[in-house]
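Can you make the complete structure from the sequences, with help from the hints?
Here are the chains, one letter per residue:
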Amino acid sequence: MKSCEKGLWALILLLTAGLLYAVFFLVPPAEGLGNLVRIAFFHIPVAWVAVLAFLVSAWYALRYLRRPAERFDAISAVSARLGIIFVVFATLSGAVFSKLTWGAYWNWDPRQTTIFVLLLIYAAYLTLRSVIADERRRARVSAIYALFSFLTVPFLVFIIPRFYFSLHPAPVLNGSGSIDMDPVMLRVLLASLLDMTLIYIALLCHRVKSERGASS
Amino acid sequence: MHASLYRAVEAVFRKEARISLRSRSSWLVVLMFALTTLSCVSLLMQGDVLSPRLAAAMLWVILFFSLLSGAGRGFADEEQAGTLMALSVYGSSQAVLFGKGLFMAVLLFALSLLIVPVYLVLMDVAVFAWGLLLLTLLSGTYGMAMAGTLLSALMAGARAQNGLLSILMLPVLLPILLPAIVLTAGCFTGDVNGSYLVGMFLYDAIMTIAASLLFDFLWYED
Numbered sequence: 001m002k003s004c005e006k007g008l009w010a011l012i013l014l015l016t017a018g019l020l021y022a023v024f025f026l027v028p029p030a031e032g033l034g035n036l037v038r039i040a041f042f043h044i045p046v047a048w049v050a051v052l053a054f055l056v057s058a059w060y061a062l063r064y065l066r067r068p069a070e071r072f073d074a075i076s077a078v079s080a081r082l083g084i085i086f087v088v089f090a091t092l093s094g095a096v097f098s099k100l101t102w103g104a105y106w107n108w109d110p111r112q113t114t115i116f117v118l119l120l121i122y123a124a125y126l127t128l129r130s131v132i133a134d135e136r137r138r139a140r141v142s143a144i145y146a147l148f149s150f151l152t153v154p155f156l157v158f159i160i161p162r163f164y165f166s167l168h169p170a171p172v173l174n175g176s177g178s179i180d181m182d183p184v185m186l187r188v189l190l191a192s193l194l195d196m197t198l199i200y201i202a203l204l205c206h207r208v209k210s211e212r213g214a215s216s
Numbered sequence: 001m002h003a004s005l006y007r008a009v010e011a012v013f014r015k016e017a018r019i020s021l022r023s024r025s026s027w028l029v030v031l032m033f034a035l036t037t038l039s040c041v042s043l044l045m046q047g048d049v050l051s052p053r054l055a056a057a058m059l060w061v062i063l064f065f066s067l068l069s070g071a072g073r074g075f076a077d078e079e080q081a082g083t084l085m086a087l088s089v090y091g092s093s094q095a096v097l098f099g100k101g102l103f104m105a106v107l108l109f110a111l112s113l114l115i116v117p118v119y120l121v122l123m124d125v126a127v128f129a130w131g132l133l134l135l136t137l138l139s140g141t142y143g144m145a146m147a148g149t150l151l152s153a154l155m156a157g158a159r160a161q162n163g164l165l166s167i168l169m170l171p172v173l174l175p176i177l178l179p180a181i182v183l184t185a186g187c188f189t190g191d192v193n194g195s196y197l198v199g200m201f202l203y204d205a206i207m208t209i210a211a212s213l214l215f216d217f218l219w220y221e222d
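Residue numbers (this note's numbering), protein chains in the order written: chain C, 1 to 216; chain G, 1 to 222.
Because the hints were derived from the structure by calculation, they are not lab data.
Computed from a predicted model, the values in this text were never measured in an experiment.
C-beta: ideal position from N, C-alpha, C; glycine also.
Treat each hint with caution, since some may be false.
To be verified - Facing chain C, a subset of chain G residues (Cβ under 7 Å, in silico):
no., residue
1, Y6
2, L102
3, G163
4, P175
5, I209
6, A210
As the list claims (entries may be wrong) - Cβ-to-Cβ under 10 Å is the rule here; a few derived chain G residues that face chain C:
no., residue
7, G47
8, L134
9, Y203
Structural data, given as structure tokens:
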């Protein structure tokens with residue numbers, strides 16, 4: 001099991017080193033954005049993992065409510081804790097990109113707003129966990145909140161773009177379903193998405209194992 | 001079965017109403033909080049006129065924070081009085097949730113009917129679509145009451161309850177607050193887009209179903 005974990009970290013290390021080379025030496029400057037496009041290879045993966053961590057947290061919250069096993073609560077909590085780190089990285093890298101391209105760190109763009117709401121949900125979830133002393137009640141209560149707050153996300157995805165004007169570049173997979181991106185950029189982006197997802201999985205496994213080891 | 005659930009919901013509703021009328025503290029605090037904030041804002045504005053969008057946003061911020069102090073009392077009062085255990089023995093989860101939630105919805109809507117006219121007078125705002133404004137208030141306060149009832153049940157037994165409800169409520173209520181502000185601004189200008197109201201009612205319905213499903217897990221702890 002330990003060698004499997006070591007293998008995963010070695011793969012992540014190799015992939016990250018390769019990606020750093022590709023992002024700075026292989027990816028061509030983008031039309032209109034120039035070299036600033038390189039931020040996207042960090043920003044998009046961390047934003048993706050922030051959402052993935054939220055989904056995992058909600059999924060294990062549901063599993064905990066159906067069968068109250070300590071492991072499910074630990075995965076849900078650790079995923080939320082990792083999620084808040086990724087969402088902070090996504091917010092900060094997005095703000096830097098925004099300042100360099102639009103001239104302001106923050107302007108309540110729909111995607112900035114959505115990620116900010118995700119940050120609020122994560123913060124609320126972790127605050128709730130910190131104020132309940134009894135372990136079983138904490139697990140149950142935070143699972144309920146994770147699922148209840150999860151409901152808001154689809155609504156916000158529809159409402160926020162109608163409420164705020166957007167300057168954000170179109171998503172990689174745009175409305176017409178076609179992928180409008182340089183092939184090298186696309187491959188590097190997909191590899192960076194995989195790399196960040198692997199980092200998240202490795203950290204999740206490591207933290208869950210060490211937390212359960214500490215509590216038993 | 002349905003008749004007995006209806007009677008149980010009605011019993012919890014009547015209990016809440018009786019306690020609220022007897023103690024007065026729950027709604028008086030909300031009302032005074034709103035009036036204090038309103039007069040403070042009006043005082044600091046020094047007679048300046050807000051744009052409709054800003055006036056609507058300001059109104060909902062005041063409503064959100066003042067009604068919040070009432071919405072979160074549902075289970076905290078029971079816990080303080082030591083009656084939570086008795087309620088859990090005699091009341092079914094759905095009766096407690098809907099009895100408390102519906103009473104809170106009626107209370108918050110009634111309070112907003114007192115707060116909004118004062119706001120309109122103090123801020124000198126004209127309303128072109130009263131019916132829509134009332135429906136927006138109804139939908140907004142209902143969502144706040146149902147979410148508040150579930151979340152205040154979550155908070156029972158928590159260490160630091162002050163301010164916790166606003167932290168928990170804001171992300172959950174944003175899908176109601178944002179369209180409510182757009183609709184209210186529309187009521188102030190006469191340029192109304194009713195599709196937001198449909199979205200608000202839909203969200204209210206989904207929150208009610210979710211609260212109903214999730215409350216069982218909280219009420220019947222093993």
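Cross-check of the supplied hints:
no., hint, verdict
1, Y6, "violated, 25 Å"
2, L102, "violated, 19 Å"
3, G163, "violated, 9 Å"
4, P175, "holds, 4 Å"
5, I209, "violated, 9 Å"
6, A210, "holds, 6 Å"
7, G47, "violated, 29 Å"
8, L134, "violated, 22 Å"
9, Y203, "holds, 6 Å"
Comparing the model with each earlier hint shows violations of hints 1, 2, 3, 5, 7 and 8; every other hint is respected.
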